[in-house]
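Those protein sequences? They're chains A and B, same order as listed. For what it's worth, this note's numbering labels the leading residue of the first sequence as 1, then goes sequentially. For what it's worth, this note's numbering labels the leading residue of the second sequence as 1, then goes sequentially.
Please note: incorrect hints may appear among the correct ones.
Said to hold, decoys possible - Beta-carbon label-pair distances, calculated as ranges:
(1) A/Asn454 with B/Asn144: 21 to 29 Å
(2) A/Asn454 with B/Pro175: 42 to 50 Å
(3) B/Asn144 with A/Ser225: 29 to 37 Å
(4) B/Glu115 with A/Gln325: 45 to 53 Å
(5) A/Arg574 with B/Pro175: 30 to 38 Å
(6) A/Asp452 with B/His133: 33 to 41 Å
(7) B/Gly70 with A/Pro143: 25 to 33 Å
(8) B/His133 with A/His49: 52 to 60 Å
(9) A/Asp260 with B/Pro50: 20 to 28 Å
(10) B/His133 with A/Pro527: 35 to 43 Å
(11) B/Pro166 with A/Asn255: 29 to 37 Å
(12) B/Asn144 with A/Glu108: 51 to 59 Å
(13) A/Ala68 with B/Asn144: 47 to 55 Å
Keep in mind the hints are simulated off the structure, nothing from the lab. Just so it is clear, CB atoms sit at the ideal spot from N, CA and C, and this is done for glycine as well.
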Amino acid sequence: MKLTLFFSLLLLTFTARADWQDEAATGALLLADDRGNISAATLLDTDAHITASGPLARVTLTQRFRNASQQFREGRYLFPLPENAAVDGMVLTIGERRIVGRIDKKAEAEQAYRQARASGKKASLVSQQRPNLFTTAVANIAPGETIQVELHYQQTLDVDGRRFQLRLPLTLTPRFTPATETPHPLDSLLRNTVANPGGTAEAGTASIHIDLDAGNRLATLGSPSHAIHSQRHGRRYTITPKAGPVPMDRDLLLNWELEDTGEPLATSFYEEIDGEHYALLMVVPPETEQASALPRETLFIIDSSGSMGGAPMRQAKASLQLALQRLKPGDRFNITDFDSQHTLLFEAPATVNDSSRQQAQGFVDSLQASGGTHMLPALSATLSQPASDGYLRQVIFITDGAVGNENGIFRALHQQLGEARLFTVGIGSAPNSHFMTRAAQFGRGSFTYINDQNQVQQGMDTLFRRLESPLMRNLQVQLPQGIVAERWPQKLPDLYAGEPLLVAMKLSGPTDQITVSGYSDKHWQQPVTLPNNSNHPGTASLWARRKIADLMDRITLGAPETDIAPLVTQVALRHQLVSRYTSFIAVEETVSRPAHEPLLHDTVRNQAPHGTQQSTAWPGTATPAPLLWRLAGVLLIVTLLLWLRQRRQAHGAV
Amino acid sequence: MARYERGLLVLSLVALLGLAGWASWLDGKAWLAQHLIAHAWQTTLDQGAPQRPWPWADTWPVARLTTPAGKNLYVLESTSGEALAFGPGRLAGGIGSDQALTLAGHRDTHFAFLETLNTGEALTVQFTDGSRHQFQVAAQQVINSQKQPLHIPLDDQQLLLITCYPFDAITPGGPLRYVVAAHTYPDETQRDGATNQGHSKG
């Protein structure tokens, strides 16, 4: 009986942590009305034109839909952008007419959409639903009419050393969001409805055309998902699928690898917009097997508060144990464990040897999740340990991110981190992964996300590969006399194996020559020629996105949003970016719906496949109390029966 | 023989008391904690800073939810199992967020009232800055959480309440969730009449 109880308690824990991303993509585009009924498949075809410049890609995606029903409909289309992508343009075409969407302040865009919808005009709105999910609402589609949505977005690509990967999401699956049935003025804007999972509908085919300028000569170029055909013109390549239009049953993946010369490679991309000069500098580290000679001091901070209870604590402990095994003899380390209080393993960072490692393993084994999350004192205590001269200090912070005072922690990092690098490891469903990413960026480190016991090994391997191989420090960018740049990041991180460094710059004037320098075991310097005779679309937009991210961080740091919002709006409007304060709107000029005909809602929804998005886990929302009460009830009867039986026997005996 | 049976009786009595004790502890904790949190909430409103209901708590009240029956529930920051034992938890949304305010609670304690909550009924939420927002229940739905991932809409005019389903299930940990969606009233002028306009859907 006890076993049953524990089993159900375990179930409770597991349901709360279940992972929803493992569902296979169905390859269907669904069209549903407000009640979640599938009515028709309206995606006719998809056309993608991609220009890839080094680590950036600009994508023009055109999708055509048809209202196959007998009524006027309103469609809603969710587009699963790949990670690190942002929409910066949209064109809506209805029949023969063409409407160019404009970017507007968010409130004004929504108002314009509402007005258009109420007066029977067609309108389409793209708004930042979540970082990588965009909504397009299309109002007033006449029966049998075809609507074309053309979306322009840009993304920074997945990079591993000299290898780059471009992903074009072409697979579709449904995903739940709560529905509402009562009409509401904002109904059609940002609210989602339910699509019936498992419903099948036809999906059209996709035509794909890719132009690639990787920045240097390529060692390899290929696609693991599709057979491709490629043609080279100097530094540029043209790529198309061999089969022509491809079915929308899998994402398109394109991989390429830059030639390795054994030296860091610095290359650049350039874009001029209205007389403003934008440059993107990319420094690609060489492939290396040897670990860096720089001695390191690794400070671990592990969160063992109550919210880490269960699977997260097991994952955190396993991660830390793996990390301890990877420490090199002669380096230094220490561990800070915190919940309501904090404990340092050693008074000061200790040298890595068998006995200190054993002591640390025992310390980690004995950690138990309980108590509150008082992160700030633990962070201060860790960072205020005396620095060991000549050691590169790296702080590794393992937590579920359930902190209340983000701003306080950010400020403490500003004041106390100094030259140290901060790497954050997020455990569990990590509601604060945004904060942890930004903290790692500020600390010139990286953020590793571990959501599952199976990801511990891989996640920590990747992290340690970075930690162990800092290839170059003190990176500097020198501009010619008289030229200044507003550049992101302002603080240049170290160059780590496997991670190209990107610097986005807005230059005060035209120039064709910049110099990059750094220090590994000796001084390194390389001149870079700006390719200002060719245009790399997306360069300016990347700069603008970095600037907006920096401005948004200032809000986190305590700057009043009323001061920052106009600055963000200005950059976003200038560079056609969707942000917290801006969205796109496209409105048709003429009325197409007879006023007496009702408007029904269609929902067209799709989803990025496994791994590109993070959805929220459902919380466990029941206690075992009802079960316990029932078991107690059964036991009460048993007890009474036993008691009666004994009484009867006792009487019988007398 | 009698000794054996007496032993069995004692064992069964001990197990009975143990189970009943455990169950009362779960229910009692849920009830008692809300009273302690009510105090912390008042302090939060007075001082304008998050206030832990007891010194070692890993969470703090972030909102007050008032049911149509006028019962107050104090919403805690976090939806960890630990926090949900004490009160409904905030999963997303709230002050400074673009997302729908999303709250989760236990079906057998704090969110048991969802079972009888009808479309059109009004819920009130008060935030730590003292502001009050009225929401009207728009829809209820049963979701299989293993089939459909939770996706919180980017719409701060919406309130979502999540609890386990069915309400009378015996064992915890089932895959079904009951989701109630509510909206703010379109604008201030409609607020007064809105409760009368609401239609019940059973």
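Given the hint of 45 to 53 Å, is the C-beta distance from B/Glu115 to A/Gln325 inside that range or not?
Hint holds: Cβ distance 51 Å, inside 45 to 53 Å.
Supplied distance hint 20 to 28 Å, evaluated on CB atoms of A/Asp260 and B/Pro50:
52 Å, violated
Starting from the hint 52 to 60 Å, judge whether the C-beta atoms of B/His133 and A/His49 obey it.
For B/His133 and A/His49 the Cβ distance comes to about 45 Å; the hint is violated.
Given the hint of 29 to 37 Å, check if B/Asn144 and A/Ser225 actually sit that far apart at their C-beta atoms.
This hint holds: roughly 31 Å between Cβ atoms.
Could one say that the CB atoms of B/Asn144 and A/Glu108 fall in the range 51 to 59 Å?
40 Å, violated
When you take the CB atoms of A/Asn454 and B/Pro175, is the distance between them in 42 to 50 Å?
22 Å, violated
State, for the Cβ atoms of B/Pro166 and A/Asn255, whether the hinted interval 29 to 37 Å holds or is violated.
49 Å, violated
In this structure, is the beta-carbon distance linking B/His133 and A/Pro527 contained in 35 to 43 Å?
The hinted range 35 to 43 Å is violated for B/His133 and A/Pro527, with Cβ atoms some 60 Å apart.
Between A/Asn454 and B/Asn144, does the beta-carbon spacing fit 21 to 29 Å?
24 Å, holds
That 25 to 33 Å hint for B/Gly70 and A/Pro143 (C-beta), does it hold up?
Because 49 Å falls outside the window, the suggested range is violated.
Is the distance from the Cβ of A/Arg574 to the Cβ of B/Pro175 consistent with 30 to 38 Å?
48 Å, violated
Assuming the hint says 33 to 41 Å, is it satisfied by the Cβ distance from A/Asp452 to B/His133 or not?
37 Å, holds
The earlier numbered hints that this structure contradicts are 2, 5, 7, 8, 9, 10, 11, 12, 13.
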